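A.B. asks: Read off the chains here:
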Amino acid sequence: MTASVETTPREGVEVRLENLQRRYGAVTALNDLSLTLAAGELVALLGPSGCGKTTALRLLAGLEEADGGRVVIGGQDVTGLPANKRDVGMVFQSYSLFPHMVAWENVAFGLQMRKVGPAERKKRAIEMLDLVGLAGYADRYAVQLSGGQQQRVALARALAIRPKVLLLDEPLSALDAKVRSRLRDEIRRVQLEVGITTLFVTHDQEEALAIADRVGVMNAGHIEQLGPPTLVYTRPATPFVAEFVGLTNRLPGTVRRGVVEVRGTELPLVQADEGEGPAIALVRPEAVSIATDGDLAAGPLVGTVIAVAFLGATSRVTVDLGDITVLAQMPTSAAAASPAGTRVRVALRMDPVLIAREEKAPVEA
Amino acid sequence: MSRSRRAKLQLFRVVTFVLLGAFFLGPIWFMFEFSTRGVGENSPRTLDAWKEIGTYPDLVAGIVASLQLAVITSVGILVVLVPTMVWVRLRLPRLRRVIESISLLPLTIPAIVLVVGFSPMYQWMGINLSDSILTLSLAYAILVLPYAYRALDAGLAAIDVKTLSEAARSLGAGWFTVMWRVIVPNISSALLNAGLLSVALVLGEYTIANNLLYPNLQVEIVSLGRTNAGVSIAVAVASLLFAFVLLVALSFVGGQRGGRRRTRERLVQTFGRDFSGGTR
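So the protein lines, in turn, are chains A and B. For the first sequence, the residue numbers in this note's numbering are 1 to 365. For the second sequence, the residue numbers in this note's numbering are 1 to 280.
Chain A with its partners taken away, still in its complex shape:
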């Protein structure tokens, strides 16, 4: 094993989850989940709590056993292997450094399990700490490190054993916002540098969209949509994805002859075969614009600005249309022209929209 630490190629391997099933009593946590991660790819599983994303990761890690299906890492079926034989590196949501060891001893722990000699162990541990920018903290205990530093040491520890797969189980959730975005970029940098196949589990859509090559949006034990972040955001495949990823206006309208009519505006449909009748159109705030000129007396799309939320470069304007409110997102410079109380006319961009028919997104296998 000593030699393999030195010579393992640093290219990632392909990871396949095949038809994974997992039940907890009567609750189905994973329902026939299949997912293939290409070599060196970072896939983020995104979903609300209880959607099965963490279960998928734990099955891949070997920390739980599947009720059915296979886990294949680099062409090898590891379904029956226990966690300590699987060669996976893992970073946990809660701080997981061994409290009785200093940082470098933590990083060296996995190498010791692989019977690497003491001198080599320490050298490699310091190298890994250097990779995550913490070489100067090698002799600190976990209690002497900040949350972000602890997670970086945990990342170094997971990578030190040169695992075939890196598993990140909401590693940023316990950190405050600023550290979170910095560490997120740091994780991505290290992952690209090492070229390791990575599964990243999170409930934070911004995190998933920012870091991943592909995002899988999960709901009720299966993947609703899997694709590049831009596609998942701009072309959500299902109403659930549309509402979970990004903000969405729910506008009542009527489906007729392949279009949906919302307050006098006809919008194209994503799925042309939607049944006719009353429906809820899901419209992104970016697809809503406002104007202060023209006829502001009355009309289905004329209303009053009731709030302007400043988000930095963009602002989100809430317009009261009488019976409903609509969110519109626009550059801050544009929003400045219409402070709260202004009468405005709302326009909807001609993007294809999804239709939600029930209150809840439909669940299907």
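Any given hint could be a false lead.
To give a feel for the contact side, a few chain B residues facing chain A, derived at Cβ under 10 Å [unchecked claim]:
hint : residue
1    : ALA61
2    : ALA167
3    : GLY172
4    : GLY174
5    : TRP175
6    : PRO185
7    : ASN186
8    : SER223
With a straight-line Cα cutoff of 27 Å, these simulated DSS-like cross-link-like pairs (lysine-lysine) come out [to be verified]:
hint : chain 1 : residue 1 : chain 2 : residue 2
9    : A       : LYS115    : A       : LYS85
10   : B       : LYS51     : A       : LYS85
11   : A       : LYS85     : A       : LYS122
12   : A       : LYS123    : A       : LYS85
13   : A       : LYS115    : B       : LYS162
In case anyone wonders, no lab produced these hints; they're calculated from the structure. Quantities reported herein were computed from a predicted structural model and do not represent experimental measurements. Each residue gets a CB set at the ideal place from its N, CA and C atoms; glycine is no exception.
Guided by the hints, dock chain B onto chain A, whose structure is given.
C.D. replies: Below, chain B alone, put in the same frame as chain A:
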């Protein structure tokens, strides 16, 4: 107002401390006083009773047996209880309440009632297995179970057993390594607590040993008390002080965990190397 209240509180503390201290130390002091009395009216203080301890072979055997029992019991209970409790936390969390109530049960059963239950078991063991006094450690393990459980439970609650062991597992550690290299070092003060509580309990145990006819330390003290009260009391004082010193040591060791860590860190910073001897 607040100053006078604080003064009152201070006074209350001092009075309580003195009263409780006297209540606790008084008997020990009078026992010591008794054990150093000479024979007859105005004879001078003497340590004869203390010196005579070694001349009673039964008493020495009792002391040795009790010390052996203390070691066997405390080690045994830790070896059984630690993996069980860790396993229950990791894999069978629903059983935790059950294990807890079973472990605390001996606390509610008087020792004399336990003896009634033990008696046929020990009769059978005496005939078929061994009649060594060391078999008492089985009964004592049950006796110390609640105390050991409580101490270990507190220790395990202070660390994230699940995440730590999963982290170690994913790094390639088997279950034994997880237990020995990851769990045990992080609950060391709880282990010490549990172990020393067991030792103190075993050294003071009389009811079960006496009724099962095993001559441990306390049984010997009582029987010697009938012939030579001075020596008997001297041994009683010694065993009380021994348990007392153990418990005080325990509270210091327990409180020092963070301190030892910091000391080591300071050493490393000062001398640029680690004197504690490689990886732990």
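A.B. asks: Evaluate each hint against the coordinates.
C.D. replies: Hints, verified against the model:
1. Taken as an interface hint, ALA61/B does not check out: its beta carbon lies about 41 Å from the nearest beta carbon of chain A, beyond 10 Å.
2. Taking 10 Å as the C-beta contact cut-off toward chain A, the hint placing ALA167/B at the interface holds, the least distance being around 4 Å.
3. Given hint, GLY172/B at the interface with chain A, holds; its Cβ is 4 Å from that chain's nearest Cβ, closer than 10 Å.
4. Here the hint on GLY174/B is kept, as its CB sits about 6 Å from the closest CB of chain A, short of 10 Å.
5. Taking 10 Å as the C-beta cut-off, the interface hint given for TRP175/B holds, the closest approach to chain A being about 9 Å.
6. At its closest, the beta carbon of PRO185/B sits 4 Å from a beta carbon of chain A; the interface hint therefore holds under the 10 Å criterion.
7. Hint on ASN186/B holds. Least Cβ distance to chain A is approximately 5 Å, under the 10 Å limit.
8. Among the interface hints, the one on SER223/B is violated; its C-beta lies about 47 Å from the nearest C-beta in chain A, farther than the 10 Å criterion.
9. For the hint linking LYS115/A to LYS85/A, the alpha-carbon distance of about 14 Å falls within 27 Å, and the restraint holds.
10. Restraint check: the Cα-Cα separation between LYS51/B and LYS85/A comes to about 62 Å, which exceeds 27 Å; the hinted pair is violated.
11. Pair hint LYS85/A plus LYS122/A holds up; C-alpha atoms about 23 Å apart against a cutoff of 27 Å.
12. Restraint check for LYS123/A and LYS85/A: satisfied, since their Cα atoms lie roughly 24 Å apart, inside the 27 Å limit.
13. As the CA atoms of LYS115/A and LYS162/B are separated by approximately 25 Å, the hinted pair is consistent with the 27 Å bound.
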